[in-house]
Amino acid sequence: MDTFSKRKYYVLAIFFGIGIIYLVKLFSLQVISSKYKESATNNVLREIIQYPARGLIYDRNGELMVINKPAYDLLVTPRELEHFDTIAFCNLAEISKEELIAGIKKAKDYSTYKPSTLVKQIPPESFAFLQEKLYKFKGFHVQLRTLREYTHPAAAHVLGYVSEVNESDITKDEYYKSGDYIGASGIEKTYEKQLRGIKGIEKQLVDVHNRIQGSYNEGAEDIPAQIGTDLVTTLDAALQHYAEALFVNKKGSVVAIEPSTGEVLALVSAPTYDPGLLVGRVRGTNYNILLEDETKPLFNRALQAKYPPGSTFKIINSLIGLQTGAINTYTRFTCNGKGSTPIRCTHSHGGSANVVEGIRESCNPFMWNAFRSVINLERKPADGFKKWREYVESFGIGTIVSSDFAHALPGDLPTIEMYNKWYGEGHWNALTVRSLAIGQGELGITPLQMANVGAIVANRGYYYPPHLVREVKGDTVSSMFKVKKYTKIDPENFEPIIEGMRELIANKLTAVAGVPGVEMCGKTGTVQNNGADHSVFTAFAPIISPKIAIFVYVENSGWGASYAAPMASLMVEKYLNDTIATSRKPIEKRMLEANMINPGQ
Amino acid sequence: MPSRRSLWASIDGVTVILFILLMFLGWINIYASVYDQEHQNIFDTTQRYGKQLIWIGAALVLGFFILIVDSNFYVFFAWIIYGAVMLLLLLVLVFGTVVNGAKGWFMLGSFGFQPAEFAKFATALALASYMNVHGFKLQQFKSLLFVSIIIFLPALLILIQNDTGSALVFFSFVLVLYREGLSGIVLFFGTLLVALFVLTLVVSNLFLSILLLVAAQIVFYAVNARYKQYWIVPTIYAGSIFPFIIVNLASGSKFDWGDLITAGEILGTLIVVGYAFRKKLTQYLTVSFIFLGSLLFIISVDYVFYNVLVEHQQSRINELLGIHSDPLGAGYNVNQSKIAIGSGGFFGKGFLNGTQTKFDFVPEQDTDFIFCTVGEEWGFVGSLVVIGLFLALFYRLIWLAERQKSGFSRIYGYSVVVILFFHFMVNIGMTIGIMPVIGIPLPFFSYGGSSLWSFTILLFIFIRLDASRYEKF
Ligand SMILES: [Zn+2]
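Which chain is which? The protein sequence lines are A and B, in order. In terms of my numbering, the first sequence is residues 89 to 689. In terms of my numbering, the second sequence is residues 0 to 472.
Any given hint could be a false lead.
[Claimed, not checked] Using 25 angstroms as the maximum straight-line C-alpha spacing, the simulated SDA-like pairs for lysine to any residue come out as follows: (1) Lys226(A) - Val132(B); (2) Lys348(B) - Ser567(A); (3) Lys573(A) - Ala620(A); (4) Lys113(A) - Ile437(B); (5) Lys196(A) - Ser405(B); (6) Lys94(A) - Leu181(B); (7) Lys113(A) - Tyr220(B); (8) Lys576(A) - His515(A); (9) Lys113(A) - Lys348(B); (10) Lys113(A) - Lys136(B); (11) Lys94(A) - Lys404(B); (12) Lys96(A) - Lys136(B); (13) Lys348(B) - Pro166(A); (14) Lys196(A) - Glu213(A); (15) Lys123(A) - Met434(B); (16) Lys278(B) - Tyr220(B); (17) Lys94(A) - Ile289(B); (18) Lys96(A) - Phe350(B); (19) Lys96(A) - Lys348(B); (20) Lys94(A) - Pro435(B); (21) Lys227(B) - Gln139(B); (22) Lys113(A) - Pro435(B); (23) Lys96(A) - Val380(B); (24) Lys96(A) - Ser405(B); (25) Lys96(A) - Lys278(B); (26) Lys113(A) - Lys278(B); (27) Lys50(B) - Thr349(A).
[What the hints assert, rightly or not] Computed spacing ranges between beta-carbons, pair by pair: (28) Phe76(B) - Ile258(A): 54 to 62 angstroms; (29) Asn161(B) - Ile488(A): 53 to 61 angstroms; (30) Ala8(B) - Glu135(A): 54 to 62 angstroms; (31) Glu135(A) - Val213(B): 55 to 63 angstroms.
Don't read these hints as lab results, they were simulated from the structure. Keep in mind the model is a prediction, meaning the values are calculated, not measured. By construction, the Cβ of each residue, glycine as well, lies at the ideal position given by its N, Cα and C atoms.
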């Protein structure tokens, strides 16, 4: 028989004893003590994202170009909402009742307990007033953001703009959350990682009156935001502003490069726009206006326009001729002026030309013969063409030179395959593709690439990859910018070309493109077009230790010497001499005032 | 063999109803604790409450299958089940996956299986089987040794997995042994050890050694009040401790006073042992040994605590004992849990209206701290109902266990109830700050398939045994 049966009472006593102790404790916790109720009312946790200010952007001389200004987002947390005076609220937040209702519905669809943005980017002026009254409305709070501000309405295409992240940004990089900003073009895009900083999270305890009671867990779980890194661009703000002023009411582009470093001093795509237009609440509207503008201000011509280079390309063809031995400095080709075949000369300059004269006079017959000689160095024209193409490619044409441009295009450099397809294999020769001799035809080169050709000539054979940022504060700029890239042309072959370019400015274009006290070398171009010709000019100065290489393209403005050359010379003068000589003021005035978009006005 | 009809008729409906009620309450509280408006569908199986519903369904099926198995199966296969589970506990040490710091899981794809959960009923079966042998006497040394091995072998294996909480559960079997005749003295010593342990950490060791000395003198006097030379023992102690005091004073308090007095007491006790032995004073001998054991115990606790345990273990124990009142440090979880429960008030904030158990204020809010949701949303009334249901279940199970004719069923029944009780005591005690933060689930309540099924198996085997209580085995 079971002798310990009575012990069940002891066991039960232990069970019920513990049960009663727990109930007493619970009664004291839940009913008697008020300590925990107060703690709990304090305990509404709010995760506040700390958005760091983006890095500032300076020009090469330390002048600030891009800064930040505060803006405030008004957020709503649906589950914290209580009945409120909607009219008063709408007046305060400057939104319509419909927007409020739609906004709250959208927020609820997203999450009831996580905050959603109701009104974006409230400017500081409105915010001060809003902040005063907001305590009356439970469930709403504001969050500090920063927006871009520009010290000058300039360099839009270089700096780029910042936009809100889209779905694909979020999928690509989990750092981004809906509502974050991201650099969408220009330096803002290329240097997004450096500029954006790192978002932080602050966990706050908020009381029933929406007042912050302090940090949660003494901030142990907070992640402090890290401010974005400042950048120093290669741009010279003064030169950039001047270039943009010259391009008012014109279509085209200018790119200026420091040959000894590859640093881009100025880069304009005209027409341009005020970068401030794409900031804040007005961004969407303005973006659409710019998008629909027939002059395509959002199109970055400097990096993406595939322009035929026209006569400026003769520099490259002459260099290839000299390097391959197809011509030498004594080689002369006859020129019958307008009677020349297969390409007539646009100038009349005696009966023949050597390479220096060919450049100076932009002699088409000379260039055709030189080009034909290059192509015919090989038994098959296709092989000659292949060799020619390799030389051209070594100038960074038809490819993208790795750098920090967000949207640079490689341009068009025709291929054997393309011509074989067009004409049939073995059914084309130098004559078929003769347009290439004078920089027309299938060539499509961006202003950035042509400006780099100017830098290559200035350097007598090599270049540093053109780039836009010279310093990431507290970090090193990419070392790829420091690697010299050599063309396939030997330095001595540049001298006759440079002489031709020098003589052009010194002997023929002094009136429009002569920069006082500076020996400049240049080459004009006039690109045939369906409408009016494009005016093209490439140059570098001074001839000894060049400081600037520049390429100017003015659409539909006539021959090279009419606009492109004077504008380039003014920029060179501005950059090297700091001021425009009095004697050149009339030219400057004419250039500033010229209107090529609506010529009548 | 009873017919199937009589099997269903003899199942204890009260227990089954309590079991279903607790699972249901657990499930709606899991729903509340992970509830957010993005996932409102209570049957959404991508969410934890949806999964728990699946596991509850599976638990009911499991319960059904346990009931249709012949009760003799559990009796005859007790040892095989025990052996198999022990093997699994060994294998998991080698092939297991680490979850929450414990290497205790077999992972088959997304499905996890934790042998430690099944060690509970396996041990209960083995214990019942071993102790149900005719003529078994727990008082025999050999019996006690075997019983200890049966209980502490799985506990040890689980401890090696680094799952302290589950290992501690096995201590609850002491109550089963007590019911089956284990001396009340064992319980007394158990209580004494726990008390000493706590005191070692809470009060200074000087105070504790003096306290023990005074208590010992009183007991020495009490156990043999008629002894004329009662003054001899205090004199021995005084004489043993005095030189230590002199030495320390002379050295300018170079040694810790607590250590020194303890050393004096040990010396004194050894002399008392010799004295009692010569005078054949058995009561003095017993008291001396208990006193000596206590002194050695506090020295080892002190040593283990400060030299063996790592910091977070120390701080958890400290927190329990209220040594450091550091609301954002180690006691943070408990503090948040108390805030959540306390904020519920008498009637609670209402279903789904809790704020503390959302937003991750409370850690593990749907597993170990599920009771917070009960406390916050249902208030004291809810706490009362849940505790009441558990107590009702415990009462019912003891009542059932006591009506068994077979010792096997009774021992197994007691094992079930003490295991459930231990979980209940530690889990709820932890959330209200009177138990250490030991991560063990609240039976039938906490989120998790593995623990729910193990409790279901544990309980339903007993329901099955009870249903055939008139059969002989
Ligand atoms: Zn000519």
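Review point. Which of the stated hints cannot be reconciled with the structure, identified by number in ascending sequence?
Key: 1, 2, 3, 5, 7, 8, 10, 14, 17, 18, 19, 20, 21, 23, 25, 26, 27
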